[in-house]
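K.L.:
Based on the hints, put chains B, C, D, E and F in the right spot on chain A.
Number of protein chains: 6
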Amino acid sequence: MKLSFGIPKGSLQDATINLFRKAGIHIDIHGSRSYFPQSDDPELDLILMRPQEIPRYVQQGILDAGITGYDWTFESKAKVVQVCELQYSKASRTKCRWVLAVSEDSKFRKAEDLRGKRVATELVQTTKNWFKQKHIPVDVEFSWGATEVKPPRLVDAIVDITETGSSLRSNRLRVLDVVLETCTILIANRETWKNQQKKLKIENLKLLLEGTLAAENFVGFKCNVDEKHLRQVLDVMPALHNPTVSHLSDKGWYAVETILELDQVKHIIPQIKRAGGSGIVEYPVNKIIK
Amino acid sequence: MKLSFGIPKGSLQDATINLFRKAGIHIDIHGSRSYFPQSDDPELDLILMRPQEIPRYVQQGILDAGITGYDWTFESKAKVVQVCELQYSKASRTKCRWVLAVSEDSKFRKAEDLRGKRVATELVQTTKNWFKQKHIPVDVEFSWGATEVKPPRLVDAIVDITETGSSLRSNRLRVLDVVLETCTILIANRETWKNQQKKLKIENLKLLLEGTLAAENFVGFKCNVDEKHLRQVLDVMPALHNPTVSHLSDKGWYAVETILELDQVKHIIPQIKRAGGSGIVEYPVNKIIK
Amino acid sequence: MKLSFGIPKGSLQDATINLFRKAGIHIDIHGSRSYFPQSDDPELDLILMRPQEIPRYVQQGILDAGITGYDWTFESKAKVVQVCELQYSKASRTKCRWVLAVSEDSKFRKAEDLRGKRVATELVQTTKNWFKQKHIPVDVEFSWGATEVKPPRLVDAIVDITETGSSLRSNRLRVLDVVLETCTILIANRETWKNQQKKLKIENLKLLLEGTLAAENFVGFKCNVDEKHLRQVLDVMPALHNPTVSHLSDKGWYAVETILELDQVKHIIPQIKRAGGSGIVEYPVNKIIK
Amino acid sequence: MKLSFGIPKGSLQDATINLFRKAGIHIDIHGSRSYFPQSDDPELDLILMRPQEIPRYVQQGILDAGITGYDWTFESKAKVVQVCELQYSKASRTKCRWVLAVSEDSKFRKAEDLRGKRVATELVQTTKNWFKQKHIPVDVEFSWGATEVKPPRLVDAIVDITETGSSLRSNRLRVLDVVLETCTILIANRETWKNQQKKLKIENLKLLLEGTLAAENFVGFKCNVDEKHLRQVLDVMPALHNPTVSHLSDKGWYAVETILELDQVKHIIPQIKRAGGSGIVEYPVNKIIK
Amino acid sequence: MKLSFGIPKGSLQDATINLFRKAGIHIDIHGSRSYFPQSDDPELDLILMRPQEIPRYVQQGILDAGITGYDWTFESKAKVVQVCELQYSKASRTKCRWVLAVSEDSKFRKAEDLRGKRVATELVQTTKNWFKQKHIPVDVEFSWGATEVKPPRLVDAIVDITETGSSLRSNRLRVLDVVLETCTILIANRETWKNQQKKLKIENLKLLLEGTLAAENFVGFKCNVDEKHLRQVLDVMPALHNPTVSHLSDKGWYAVETILELDQVKHIIPQIKRAGGSGIVEYPVNKIIK
Amino acid sequence: MKLSFGIPKGSLQDATINLFRKAGIHIDIHGSRSYFPQSDDPELDLILMRPQEIPRYVQQGILDAGITGYDWTFESKAKVVQVCELQYSKASRTKCRWVLAVSEDSKFRKAEDLRGKRVATELVQTTKNWFKQKHIPVDVEFSWGATEVKPPRLVDAIVDITETGSSLRSNRLRVLDVVLETCTILIANRETWKNQQKKLKIENLKLLLEGTLAAENFVGFKCNVDEKHLRQVLDVMPALHNPTVSHLSDKGWYAVETILELDQVKHIIPQIKRAGGSGIVEYPVNKIIK
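Residue numbers (this note's numbering), protein chains in the order written: chain A, 1 to 290; chain B, 1 to 290; chain C, 1 to 290; chain D, 1 to 290; chain E, 1 to 290; chain F, 1 to 290.
Bound conformation, chain A alone (with noise of 0.2 Å):
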């Protein structure tokens, strides 16, 4: 058994190299078939293509499975299964847009101000239908990349994608609306999964990147604790993941065994101190599956 499947060019490429590594699949993109890069996991045969490239060919059979991005997953209508989204980025929780937006100082308000203009754009089919659904004529033009920089002088508006706006910001653009929300999917290939040993592959794949995934936002953490204080310190942890109590041999004596969320560290460990903890060990993680 083989497993074609599509690891996206670009901007999503190191990242996902960096995940299958940290998931345990080693994928040795250099030499001189690049493009077809080997790995350890002897059931996969990977291609590297740019992510608007990957919906077709997981249509069309060419591919099994792929990572890309629900955006162009959409923007080709390519009929396949959409496994599950992979959440890359820490920097933010909310979702990739791809806004309207026109120039600061331009007079367009709304959408249909823009009747008669030109909107430049690399979603070219999605920005259309947008369009059309509202009834508002526009012409939609092809943008081969910089679309950002484009409005006012050479467009009156764009369709562009953006993560935390500051990209907009730092070109004074203003969102007028928001087209589409994205984030990073495992497709498969319709057929593929009627196969139940392909199936069972690209589930066990989705186990460990979701785990892997995870592990980057949370931390290993264990402390002990006598009897007296053993309540107060576990209510100081969160809810969310039930803690791991075990006798010491130290009559009235346990460990605490959990895992902290990244974010929530600095906040927790100086109550769990002042709860009375000791021996606090927080350590590095490499896959968490609850």
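Heads up, a few of these hints could be off.
Note that identical chains are pooled: a pair holds if it fits in a single copy or bridges any two copies.
Okay, derived cross-link-like pairs now, BS3-like style, lysine-lysine, Cα gap no bigger than 27 Å in a straight line [what the hints assert, rightly or not]:
1. K79 to K134
2. K266 to K132
3. K77 to K206
4. K206 to K290
Source of the hints: derived by calculation from the structure; they are not laboratory data. Computed from a predicted model, the values in this text were never measured in an experiment.
P.N.:
Okay, now just chains B, C, D, E and F, sitting in the frame of chain A:
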């Protein structure tokens, strides 16, 4: 509540930002406002500043607290609360020292020999006072840098900082005396320290920073041992850190867990193996709070 | 007690220094005396030296011990104690081999076809002896480097080292025979080995280096499981490394802990999840000693 | 007078900015508004833009002129004035070509064999028209990049750009036909070209850019020669560039000065030496205008 | 004869060492004694030193001469001979200025508004005197660096150096007044200047450094022209640099040679071409001395 | 006609490829066949090879010619034609030397003191012969590298190459004697040298390489001078390179042109200025052939 906090720019900068990151606070020093870096702790209002200036601004209350050197706090005679020392450097357990040094080949043997001579230093006030207390009249001049290359061509002596002495040696200087010992410290404004909420915030910072610094010198350690060898294994372990002992399901077997100082690992592991420990695992830790 | 110890310069150098660092011994190769690097182990007196020369100097007693290749020890016929093998390379479980190779297009099919021909190699003595034992007269010349590009323009055949064979392939060479298998080894001087104190020191080094190398191929693993699923979870785990099972305070629940080989993680974690394991955590380890 | 001018972003960008610099116009592409770079020529209003988009914007008059490829001008059917070709590349005197290529091992021998097959390209319109004129129905799909790795797994054939053919070879592709020859060109808007002041400005630019490009392939050359050998020395020199001959004060001696093509220098200098030239000096030149 | 000479460390260092190299004096700043760099001019004894300290040491005679800023010479009130200005920067023909600046949003409109306020600067004496002459009492404090980010949070105003004003703008500062204009200067000790041999050496240095700086703004230029167009071609050339005209062997033809300012080249070459010049060659120059 | 030609790999490699490029021959060492680099001279068939091996292969006729060191030619006793020396290094006019050196602190004062001692060197044959001629029995061992750090711990003495002596000094070695002087040479096979066409090709190479090396030490120089000062100006110029004098159109004025050695420029230009030269221009040169 916002705590305005001074981060030392220069030689301590990377180590400080790194320390905060390990402690769970990400500081972003890139971008347009790099002297007022963002962090993911909304209670901190950070300012990047030369360590020489931090004591002055903490005293004036422009900063609530900050990390700087004991030397510059002393030099500026700033009236501030010294919260704790932070021992950054693993290289050496000895404190940094400001020393009075002269050229290796010079005839000067003790501070008194410098009567009427020229001394260059960045620590002008402290140096002047030190000589004054000894009733030795010298001409102290401010050095804009590269102080250690000045004797004997440009000045007769210098007062300069040294950690390991290697810079002094490679510039063929000889130490006559120690003018001041110094280390990195966390200081707070006196009024801030009376504000319970801000004081708690500073103490939490202290706990996290100290726990993170401790972890750099420790590793986690665990092994299994049967009843017969438990005592011997425990005897090998350093008394300081009480090992945690727990029963395994296998009757008569114990799991022993502790932290070990990095320096001792190479000596202790072979001894534990010989004492009967098995399944020995050493793992990295992020924070250690006893 | 001071153990003079040879660190191999060149392709093994970074890996060796890295290995010592992970084992708990920091080697500082910078600074003015870089061939006699400092370490934080006062019992070690390190010398950086080409691996070709280490066996000779260990035999002569100028070094007490050192890390080098089996090939150079064999080539120099040095009379030394081989303490243990150290398997550095994760890339491949097969040993490195010195092979007799000719140009892909050449007519040579076996060693005998090279009668009277010219053979270039860095391993001159071993190559001469190998041909001599087969009663094949050839002209063996010392190669100063880039041996693999020489056939067929400059020589008829070569004896060169290969790990994965990729350099041979990209130079269009064909292997005729294996002349010598080799790996990295720890060797000691015969007199040193009779000195109990020095022998103990070398054995401690062996323990730490082997434990560190083992850890590169393993991760720590733990999960919780209830009584009902305990057997199934344990069945999934590799027999080799006895898992540690302990009772949790929650009646009927167990914590299971073990180490897993990196290669197996991607197969085992999904199985454990399906067998009823929960709260699965994988974490990095520094050293593993069974 | 301000001439809005498009600089091609991407593979031509550095070469273009370098060319302008050598021509005497410094372009500063750093800083916050990098798509609208500053220059020290107050008559130029520069915009950095993908070469694919420059013809469209020159036609629309948003740009007065710009540097782009002939291919993209042709693809977009833009109605613009082609001012001149600019031969950037010294590597090869042949023009770049967009070729129809298939996998080396494929059975396709000529364009006609691709009837009903899938062809990937970045030059969609030109490719469609080319097949249409030949009455060969094919399915042309837009390629987002890495077109050359797609046959035979992802598509049957490609139309891709090549200069030396080395990328085709290393991807084991075979050329079936040439679809379009291309080179770098300077284009202008048709209305702009009727404006005398702007036309003069563009022609001055053309003169400077061509003079600078010429200089990259030439060196300055001078030598002394006496009357007796003058004829022989002049005979050796290439006819194309009329050498400048002047009398020296030394009666009967001449200084001969010319420019030589870089490629010819290694052949001509030895000949001139033998023909009687002395005091030979070769020097670099910045601009050459015949 | 040995001339002890101060080279400014810091922002001027690379430019100065580069300038000396082009002038024919190689300075080697690497190696163990980098503050006392070697050169291939045996008459120079170089010392690398902060520009702030050079005037003081030149006045005291520890240095015979040196390159520093006018500002630091003024600040230290050093009694030295100012030999010449050296205009390093091509970026701008205007001198650098130390300006009094406040936050863009502040209410301060003129120096007088700062009565009783705090002003940070590296140029403490000059700033104090400037305010004193205007009878405005302010509190001037020494700034250890990053002066431009201090208003308004840390101080009310600053006196800082600016060349193009871009750092002021990006820190949202507004200039109230100019405190001092400055440029790079060559200074000499007064006694040294009375020594004929040393004075000649310094004047030779001045000639070479000025000639080298001039060459950075000029190129060599030559063309051929017949008698008929000679006058027109000469008329196009800048009056400042007298072109050299010589007869060619071809009767009625002339070679015209001159140097042109870099800025003018792009304007003049097209004019010369139109005026009848041919065989136009522009070449780089190392030194220009009129 | 194809000339097979050896380019020395290692410390001379970059300098050699650079020299060829300046001489007008571009060598491309990148790409898959890097030991057999391509050039734009179709008559050259280049092989990159360790300089130690070039003499052997030139003697055997596998190479027609090559660039290597005199030392390795001597060591291998190769019977080849030495075409010319090529003085690469501007750093020093003295030749490189292989010297016999011992530890600074050792008691050895002359070669004879080493009777019966161990000497490490890369130049084994030459060293053995040198000691043999002096009737001093020593044990010469091949050193695989880092020879200079071996005394006194690993060997008693070394024979190693030195240019400026700085490596010897920093390793605290003392020179006892010179074993061999060496420099870079161009050598040819004896049979090749009898082939007129190949000999001409090698002589052309020699001319271009020597002319290019010369140019690195020279600059072009011209100035104008009137009749009155002509003699004085010419008197200042070095006798070696006959200046070219030509009449200007301006009656009574002359243009003087010559080349100057880089080292002399800083002395001569001020003198020419004082002697009455004006319009002085110094410009870079690529090749100089007298």
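K.L.:
Please sort K266 with K132 into within, between, both or neither, judging by C-alpha distance up to 27 Å.
P.N.:
So K266 and K132 fail the 27 Å test inside a copy (49 Å) and across (47 Å) alike.
K.L.:
For the identical chains here, do K206 and K290 meet the 27 Å Cα criterion within one copy, between copies, both, or neither?
P.N.:
within (14 Å within a copy, 33 Å between copies)
K.L.:
Measure nothing new, just compare the shortest in-copy and cross-copy C-alpha distances for K77 and K206 to 27 Å and report within, between, both or neither.
P.N.:
within (23 Å within a copy, 47 Å between copies)
K.L.:
How do K79 and K134 come out at 27 Å by Cα distance, when the copy is not named: within, between, both, or neither?
P.N.:
within (25 Å within a copy, 34 Å between copies)
Of the numbered hints given earlier, the model fails hint 2 alone.
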